[in-house]
Amino acid sequence: MKPRVGIPRALLYYNYFPMWEAFFKELGAEVVLSDLTNKKILDDGVNCSVDDACLPIKVFHGHIINLKDRVDYLFVPRLISVERNEYICPKFCGLPDMVLNSVRELPTVIDCTINLRNSYSSLRKAVLDVGRLFTSDYRRIYMAYRKAAQNLKFFEELMENGATPLEAMRGCHSAKGEYRYPIGLIGHPYNIYDNYVSMRIIDKLRDRGINVITQDMICSTELDRIARGFSKPMFWSFGKRIMAASRYLIDERQARGIIYLVAFGCGLDALVGDLVERRIRKRGIPFCLLTIDEHTGEAGIDTRLEAFVDMLEWGGAKECL
Amino acid sequence: MKKEFYLGIDVGSVSTNLVLLNSQRELVYRDYLRTMGQPIRVVQQGLKNLKDKMGKINIAGAGATGSGRKLAGIMIGADVVKNEITTHAVAALDANPAVSTILEIGGQDSKIIMLRDGIVSDFAMNTVCAAGTGSFLDRQAARLQIPIEEFGDLALNSKTEVRVAGRCAVFAETDMIHKQQLGHRVEDIVYGLCQALVRNYLNNLGKGKDIKPSVLFQGGVAANRGIREAFRRELGMEIEVPPHYDVMGAIGAALIAKDAVRRERRTSFRGLDVSECQFGVRPIECKGCANMCEIIEIVKDGAGIACWGDRCGKWSSRISKYA
Chain A
1 MKPRVGIPRA LLYYNYFPMW EAFFKELGAE VVLSDLTNKK ILDDGVNCSV DDACLPIKVF
61 HGHIINLKDR VDYLFVPRLI SVERNEYICP KFCGLPDMVL NSVRELPTVI DCTINLRNSY
121 SSLRKAVLDV GRLFTSDYRR IYMAYRKAAQ NLKFFEELME NGATPLEAMR GCHSAKGEYR
181 YPIGLIGHPY NIYDNYVSMR IIDKLRDRGI NVITQDMICS TELDRIARGF SKPMFWSFGK
241 RIMAASRYLI DERQARGIIY LVAFGCGLDA LVGDLVERRI RKRGIPFCLL TIDEHTGEAG
301 IDTRLEAFVD MLEWGGAKEC L
Chain B
1 MKKEFYLGID VGSVSTNLVL LNSQRELVYR DYLRTMGQPI RVVQQGLKNL KDKMGKINIA
61 GAGATGSGRK LAGIMIGADV VKNEITTHAV AALDANPAVS TILEIGGQDS KIIMLRDGIV
121 SDFAMNTVCA AGTGSFLDRQ AARLQIPIEE FGDLALNSKT EVRVAGRCAV FAETDMIHKQ
181 QLGHRVEDIV YGLCQALVRN YLNNLGKGKD IKPSVLFQGG VAANRGIREA FRRELGMEIE
241 VPPHYDVMGA IGAALIAKDA VRRERRTSFR GLDVSECQFG VRPIECKGCA NMCEIIEIVK
301 DGAGIACWGD RCGKWSSRIS KYA
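Sequence order for the protein chains is A and B.
Quick note on the numbering used here: the first sequence kicks off at 1 and runs consecutively.
Quick note on the numbering used here: the second sequence kicks off at 1 and runs consecutively.
Everything labelled a hint here was simulated from the structure, so no lab data went into it.
Just so you know, nobody snuck in bad clues.
Capping the alpha-carbon separation at 20 Å, the derived lysine to aspartate or glutamate pairs in EDC-like fashion look like this:
#, chain 1, residue 1, chain 2, residue 2
1, A, K282, A, E252
2, B, K212, B, D117
3, B, K287, A, D35
4, B, K209, B, D117
5, B, K207, A, D274
6, A, K91, A, D52
7, A, K40, B, E285
8, A, K39, A, E298
9, A, K40, B, D310
10, B, K209, B, E240
11, A, K39, B, D310
12, A, K282, B, D117
13, B, K48, B, D273
14, B, K70, A, D207
15, A, K40, B, E294
16, B, K209, A, D274
17, B, K314, A, E298
18, B, K209, A, E277
19, B, K314, A, D207
20, A, K204, A, E167
21, A, K282, B, D210
22, B, K207, A, E277
From chain A, some residues computed to sit far from chain B (all C-beta separations above 10 Å):
#, residue
23, K25
24, R78
25, A126
26, L128
27, A149
28, K232
29, M234
30, Q254
31, L275
A partial selection of chain A residues facing chain B, derived with a Cβ cut-off under 7 Å:
#, residue
32, N38
33, K39
34, K40
35, T303
36, E306
37, A307
38, D310
39, M311
40, W314
C-beta: ideal position from N, C-alpha, C; glycine also.
Take these sequences, add in the hints, and give me the full structure.
Quick look at the structure:
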């Protein structure tokens, strides 16, 4: 029987799943996904994780509980850095420890360390270490990694053409509708693309005829180019992308407004949010910060979204009065 | 030709307001009711009051707003169901076309709306905390055994400044008790509370915003003269309170409805007899998936007219709008 590897549909699932999936499949494993985030997953996650964790971390714990009894392995990589001289949120670095500490009766947790801050050698080691769990054939591991990297590239290209990660994973291009104007939606991918957490914010905006552009729908080289122009380097990979995207959206895509979705209790969002907001306000572009946490009612988000869109459209429809 | 009127209903967490405007946009009727957690009953009561007072009139359009706007909208068959920000801005612009800043403090939420050249350019609503809203003032007034109507006037008698922490309702209360025990006069403490509330509001909502005159202060709390005074001193500019400050949301809803009806040339308003219909709600716990959505079905005279609360649309799509 094929070994079953469980991948939680949370956190960096929205960035890397096609790569992970291909890698494990090529190694002969069966990839099992947790269910889409739902109330039970959220409740389980909130109940089992430490109090002061942020919402996405709690959601991740819920996904672990959802998966753990159906798989032989749980894939919870320890990500320290995914780009040269940059870090990601420290909670990712302690993620396997948090999970092992908070959830009982876990299957084997694959917690390879990825730290690309200084060099790519840790990636090589991680790939080999994980690969050896399934095969002793080095060539096969190498081929699996190549396939995985190809998949990731293809996936990212689809997103850069305007697909959300979920659309790109289905292999389809974005739902190209007749959009009236573009707005920017920025924030951590696991907040904006998880339909339960974000309360379907993308669909709601698209239903109103708005072309939603996120930081992942912008070419990475463009974002890097803008980031090099920052007065100080931004050492958080996600923060860098979010900040660079807000500029790109205004300058190159004529976004009529920017919405930043933040998770309550996120230190990075608190800092980057303020930097982004100041910059956007200086440019006179409408900006809206939406905070979500586990208690957030949909009505509150809807009211703010509705008011924001009304505000964007008011200029064009003055007969309103 | 019969005179035309436009109805606006604002169903808030604490109060439900009804207004009637004539075709010259003048307010001809207003009613302020406490919601008391029973929005359906209170909307019906409001319509009944309206009918008793005004008799048979031609309501050419109706709009709903407030946190209970969806419910009210379905019940009365509103032409527009609008969020509070937009309705408050529309009403404020009608009251004073030169308005640049709207301060609005209601029962459980507060907002600030910035306008430039008659267009909303920015807004903020309180996020996770309801400290410094009407409910909190209500509670403190009750604790000090001062009728809420006299609360603000009492604050104006204050001679000495007493600093009360305004960051959090719980701390503010602790602080106030402490000041009382030290022997500070009640009016000083009450004014200290007004200042704390204003400080908190400006720190939270006004952060980074360019507050320019004309400033309009509306919402139920605008009745409180102590708060008005605290705003005036803190901002260093005159604060204008529109005559119908406490029903501005409803006025805005009526104005937008008037406009929508002019464009659509018809109204979907069900008529004032709605107050005699039997409305009810049927809670359904959907077991279709792990979300276990709590669905609410609105029932009018035994027939379902609307459904909401589901995430997937399975229930809400069953009944089309205003069936």
